[in-house]
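Here's the letter readout for the chains.
Number of protein chains: 2
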Amino acid sequence: MRIAVDAMGGDNAPKAIVEGIVLAAKEFKDIEFILYGDEVAINQYLDGEANIKIVHTDEKINSEDDPVRSIRRKKKASMVLAAQAVKNKEADALFSAGNTGALLTAGLLIIGRIKGIDRPGLLVTLPVMTKENSTFTLMDVGANADTKPENIHQYAILGTEYAKFVRGVEHPTVGLLNNGTEENKGNDITKRAFQLLKADKSIHFIGNVEARELLNGVADVVVTDGFTGNAVLKTIEGTALSMMQLIKSAIYDNGPKAKLGGLLMKDSLSGMKDVLDYSKHGGSVLFGVKAPVVKTHGSTEKEAVYFTIKQIHEMLASKVIDDLVEQFETKNTDQEK
Amino acid sequence: MRIAVDAMGGDNAPKAIVEGIVLAAKEFKDIEFILYGDEVAINQYLDGEANIKIVHTDEKINSEDDPVRSIRRKKKASMVLAAQAVKNKEADALFSAGNTGALLTAGLLIIGRIKGIDRPGLLVTLPVMTKENSTFTLMDVGANADTKPENIHQYAILGTEYAKFVRGVEHPTVGLLNNGTEENKGNDITKRAFQLLKADKSIHFIGNVEARELLNGVADVVVTDGFTGNAVLKTIEGTALSMMQLIKSAIYDNGPKAKLGGLLMKDSLSGMKDVLDYSKHGGSVLFGVKAPVVKTHGSTEKEAVYFTIKQIHEMLASKVIDDLVEQFETKNTDQEK
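So the protein sequences, as listed, match chains A and B.
So that you can map any letter, position 262 of the first sequence is 750 in my numbering, and since no number is skipped, the others follow by simple counting.
So that you can map any letter, position 257 of the second sequence is 745 in my numbering, and since no number is skipped, the others follow by simple counting.
Read the hints as simulated data drawn from the structure, not as lab findings.
Mixed in with the good hints, there may be bad ones.
Residues on chain B that point at chain A, a partial pick, calculated with CB under 10 Å [as the list claims (entries may be wrong)]: (1) I519; (2) I522; (3) L597; (4) G600; (5) T635; (6) P637; (7) N675; (8) K679; (9) D713; (10) S730; (11) L804; (12) A805; (13) V808.
None of these values were measured; they are calculated from a predicted model.
All C-beta atoms, glycine included, are put in the ideal place defined by N, C-alpha and C.
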């Protein structure tokens with residue numbers, strides 16, 4: 489399997505990206521990495537790894553660039569070249585830590601949607617806080633700000649597929665994020681989405697779920713429109729971060745007794761940080777396009793890059809995309825009959 | 489000032505409600521409380537307070553009752569009688585810890601909207617975690633699942649009014665919750681709401697804000713549609729609760745060293761709990777109706793009831809509703825000219 493890497497995307501590029509790729513290249517000998525970016529800068533962090541090659545380019549997309557315009561005009565940008573490689577079957581997946589909007593655009597315009605999927609969505613896998621080694625998948629967290637009930641229905645199929653193939657959950661439960669658990673709750677979109685989900689016997693729909701229960705593992709897959717999903721994901725991040733700061737100040741701003749207490753609790757508090765660190769479950773996936781397109785945080789470090797490559801390896805090895813193509817093309821043919 | 493109290497609403501009613509009212513009655517001698525509910529049950533918790541009287545009724549609305557139907561049919565329910573009292577000018581405000589949907593319905597159908605306000609919204613005041621004694625107001629957290637840009641614009645005016653009159657913020661900043669900070673970000677609704685907010689010189693609009701920044705005090709007032717606001721509020725609650733559980737298990741499930749550490753940090757951790765406890769900023773207000781209609785959590789304890797009464801006292805003393813009536817009626821007259 490071959491992964492095209494935008495080596496210049498993100499705040500710590502190319503250093504963190506290349507160091508993470510080197511970590512992954514040592515473990516996954518079956519992956520060939522093609523790194524797009526500044527050859528001299530990239531080479532500093534390489535040590536002659538046989539499964540990493542570089543394709544040089546001077547151009548890159550910046551975080552403040554307009555997504556659609558930059559993808560169309562910066563034809564030699566590292567992200568664009570990496571996406572082109574996937575399109576031309578020179579690579580099987582695309583990885584970047586750069587401009588999210590631009591990556592979504594590259595995924596949609598260059599790599600392209602799977603036939604039958606109207607709106608690919610952005611999917612993340614987050615830790616269930618109350619159960620060790622348990623996760624849930626949330627989709628869409630921001631690919632589509634305006635969403636139809638039919639899109640949410642497709643997210644449920646896509647999320648189920650991801651949970652089965654990549655996370656190894658046998659019969660993933662699907663919940664619809666809503667403002668109450670009763671069937672009649674919601675806005676116009678969720679009320680209609682509920683009926684579509686209820687009628688689809690190919691998924692294991694368990695009804696409406698509330699945002700309060702997400703981190704308790706209320707469902708394996710939670711679907712929502714991209715606007716709400718984005719707000720919920722950012723609220724989780726913001727709240728968790730604020731609380732970690734509160735804990736820090738509870739330790740350091742409360743005199744020697746609290747400081748000693750914090751010292752004694754150091755190991756267990758760092759275990760807590762591990763639970764919260766969702767980068768080990770990989771990056772966010774633009775799911776529904778013809779190849780894995782995966783993004784990590786712009787501020788990513790090498791460990792997060794490594795875990796994202798592991799996730800892409802899982803996606804490629806499981807052939808989840810092939811299965812999606814087959815499923816949706818069969819559906820289309822069914823409908824055309 | 490007179491407050492009509494639904495003494496039978498909430499999981500711990502009437503005990504927690506009446507005990508909280510007794511606490512408040514001792515401090516606020518200028519309030520007359522009218523408690524609606526089971527006279528015998530209520531009387532157990534009273535000690536002849538001069539400013540508390542009871543109006544007996546056997547009927548009440550349960551948490552699982554259909555909101556609209558129960559308000560229409562249970563004519564003698566404690567919540568309905570309390571709302572009627574406000575409508576008939578026998579009381580100035582309505583307080584309940586009962587069925588939220590029913591309370592919203594009672595507010596809208598019995599007490600009624602202020603002329604010129606299309607959709608009253610539900611408003612909460614939450615702590616800013618990074619600054620002591622600092623708060624922000626979020627609206628709408630769930631009165632209206634389907635929202636127009638014009639409704640969000642009115643929430644901005646309502647939230648500004650609340651921040652000025654009740655929280656004492658001189659020039660409250662207003663942020664629009666969105667999926668990015670740039671002006672062109674958002675879904676169809678937020679893009680149009682942005683333009684309405686930008687054009688209104690009577691409020692101090694600072695642009696789009698992201699959910700990640702809410703608890704950092706990014707704006708004094710944050711406005712959003714009721715579906716997203718509901719999801720964001722419940723996500724904050726769920727995440728904070730999960731993290732408190734993680735801290736607990738970091739202390740208790742990690743051997744004697746961590747337990748001792750936790751003991752030494754006890755005071756500072758309980759300070760942390762104080763920051764998170766937003767019940768001291770009062771309950772959620774259905775804002776935009778002709779009188780304060782305020783709700784606390786169904787699982788509320790007497791302290792939360794006390795703080796909510798304090799909040800209603802503030803609302804009545806500041807005459808915020810009178811000012812709203814004047815503002816919106818003037819606007820209407822302006823438009824009619």
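What hint numbers does the structure not satisfy? The structure breaks hints 1, 2, 3, 4, 6, 11, 12, 13; every other hint is satisfied.
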